[in-house]
Amino acid sequence: MNLNLVSKMRFTIESLGCKVNIYEAEAVAYLLKQRGYIQVTDNPDVQIINTCTVTQTSDSKSRKLIRSKIKENPNAITVVMGCYSQLSSEEAFSIPGVNIVIGTNNRSHIYELIEEYRLFRKNVNLVSNALEYKTFENLCLNELSIHTRGFVKIQDGCENFCTYCAIPYARGPIKSRDPESVITEINALVTHGVKEVILAGINTGTYGKDINNLNLAKLIEKIVLETKIKRLRLSSIELMEITDELLDTIEKYQDVVCNHLHIPLQSACDETLKRMNRKYNMTEYISRIEEIRKRFPDIAITMDCLAGFVGETIEEFETTCENIKNINFAFGHIFPYSIRPNTVASKLKGHLDPKVIKERAKILINIQKENTRNYLNKFIGQEVEVLFEQKKNNYWYGHTTNYLEVFMEDQGIDLTNEIKKIKLLKVENESILGKEI
Numbered sequence: 001m002n003l004n005l006v007s008k009m010r011f012t013i014e015s016l017g018c019k020v021n022i023y024e025a026e027a028v029a030y031l032l033k034q035r036g037y038i039q040v041t042d043n044p045d046v047q048i049i050n051t052c053t054v055t056q057t058s059d060s061k062s063r064k065l066i067r068s069k070i071k072e073n074p075n076a077i078t079v080v081m082g083c084y085s086q087l088s089s090e091e092a093f094s095i096p097g098v099n100i101v102i103g104t105n106n107r108s109h110i111y112e113l114i115e116e117y118r119l120f121r122k123n124v125n126l127v128s129n130a131l132e133y134k135t136f137e138n139l140c141l142n143e144l145s146i147h148t149r150g151f152v153k154i155q156d157g158c159e160n161f162c163t164y165c166a167i168p169y170a171r172g173p174i175k176s177r178d179p180e181s182v183i184t185e186i187n188a189l190v191t192h193g194v195k196e197v198i199l200a201g202i203n204t205g206t207y208g209k210d211i212n213n214l215n216l217a218k219l220i221e222k223i224v225l226e227t228k229i230k231r232l233r234l235s236s237i238e239l240m241e242i243t244d245e246l247l248d249t250i251e252k253y254q255d256v257v258c259n260h261l262h263i264p265l266q267s268a269c270d271e272t273l274k275r276m277n278r279k280y281n282m283t284e285y286i287s288r289i290e291e292i293r294k295r296f297p298d299i300a301i302t303m304d305c306l307a308g309f310v311g312e313t314i315e316e317f318e319t320t321c322e323n324i325k326n327i328n329f330a331f332g333h334i335f336p337y338s339i340r341p342n343t344v345a346s347k348l349k350g351h352l353d354p355k356v357i358k359e360r361a362k363i364l365i366n367i368q369k370e371n372t373r374n375y376l377n378k379f380i381g382q383e384v385e386v387l388f389e390q391k392k393n394n395y396w397y398g399h400t401t402n403y404l405e406v407f408m409e410d411q412g413i414d415l416t417n418e419i420k421k422i423k424l425l426k427v428e429n430e431s432i433l434g435k436e437i
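So in this note's numbering, spot 343 of the sequence shown is number 343, and the numbers just go up one at a time.
Since the hints were derived computationally from the structure, they do not count as laboratory data.
Quick caveat: nothing in here was measured; it's all calculated off a predicted structure.
Don't take each hint at face value.
As the list claims (entries may be wrong) - Just the calculated beta-carbon pair ranges, DEER-fashion: (1) 178 with 42: 36 to 42 Å; (2) 187 with 423: 32 to 38 Å; (3) 210 with 41: 34 to 40 Å.
As the list claims (entries may be wrong) - In silico SDA-like links for lysine to any residue, alpha-carbon gap of 25 Å or less: (4) 369 with 17; (5) 391 with 412; (6) 252 with 226; (7) 209 with 120.
Just so it is clear, CB atoms sit at the ideal spot from N, CA and C, and this is done for glycine as well.
Please build the complete structure, drawing on both the sequences and the hints.
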């Protein structure tokens with residue numbers, strides 16, 4: 001195939017969803033720029049929409065974004081990729097103005113697909129069954145164009161098959177990235193000034209299960225010893241994957257590894273967890289949290305929780321409320337449950353009224369807001385290091401290693417990607433006002 005079309009193609013890329021999607025958008029942008037494309041913010045020749053399917057709302061947002069971008073740039077080549085297009089490829093392909101559809105694979109071929117479309121003007125839907133995706137698609141990223149903190153994808157796929165979730169069908173079985181590729185990428189990011197890297201995956205804690213003599217703990221040690229990254233943060237990790245070896249490694253390298261673990265909860269009631277097909281009970285969950293806090297007293301333990309799952313009784317909900325209060329998470333994301341078509345949960349009996357679900361979500365959000373205030377207030381008066389990321393409304397915002405969001409009044413100096421020592425003054429909403437020492 002002759003793809004020697006000469007021009008400086010302008011492209012935009014927008015991404016919905018998780019940290020893995022953010023990484024994949026960054027990696028695709030980098031790939032196209034390496035091929036001579038120019039990333040812009042408007043009037044593109046090519047527009048790429050990276051979609052999400054974690055909830056029905058995510059599907060709706062994906063379709064809405066696709067249509068709005070086509071309306072905004074009707075002459076651009078429109079590429080749709082990601083989890084929504086993986087599970088609903090025909091639906092995505094049928095949207096007028098969509099030219100290329102890929103799912104959660106074939107992103108490394110996006111340049112060739114675009115150039116082929118330019119030659120032949122033939123729409124293409126290149127999506128196959130994700131359960132057949134057996135190997136890690138090795139995208140690479142040497143510099144950032146979207147975020148200050150670098151997301152590095154180390155794993156793909158999930159085999160947990162929680163009853164409410166469609167992601168295993170969108171991402172396929174677990175697949176780990178070659179460790180040398182991870183090291184090469186992080187070293188390249190460090191060379192370009194990145195100070196914090198977040199290790200991301202669909203089920204990050206399973207890293208290495210498909211590779212002999214390798215796991216997440218060993219990868220972390222390799223990164224610390226073979227790169228000069230200043231901060232290394234873990235994205236979401238399931239309770240079952242937090243091994244003693246992993247905690248030993250985090251403790252050994254706590255000057256680099258961030259004091260933060262995001263441990264999905266989804267429900268804090270055993271009966272609800274069983275219907276969700278989660279792999280732990282609350283006794284196990286609470287016991288592990290207590291062990292972690294003994295080792296790391298100031299650690300930020302964050303979580304996700306679904307409100308109003310199928311069959312959730314008032315007694316089950318009250319148990320969840322009480323446990324979330326008692327565990328006292330630093331931060332948490334509360335999501336109202338919504339039916340995800342073709343999942344096991346969608347076929348269960350006992351779906352709650354949407355109004356009840358919304359009310360329960362609101363109650364959990366308020367409980368977690370109180371937990372967050374408790375956590376933040378512990379640090380008032382302390383001196384901490386903050387990596388600043390962006391300026392908003394005359395204030396600079398950044399994070400500590402234990403995920404405190406700190407903001408400071410602008411003094412006329414660009415603090416993007418700078419680490420400063422800050423004294424914490426007072427809590428405002430879910431952030432802390434500070435001043436530079």
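Which of the listed hints are broken here?
7
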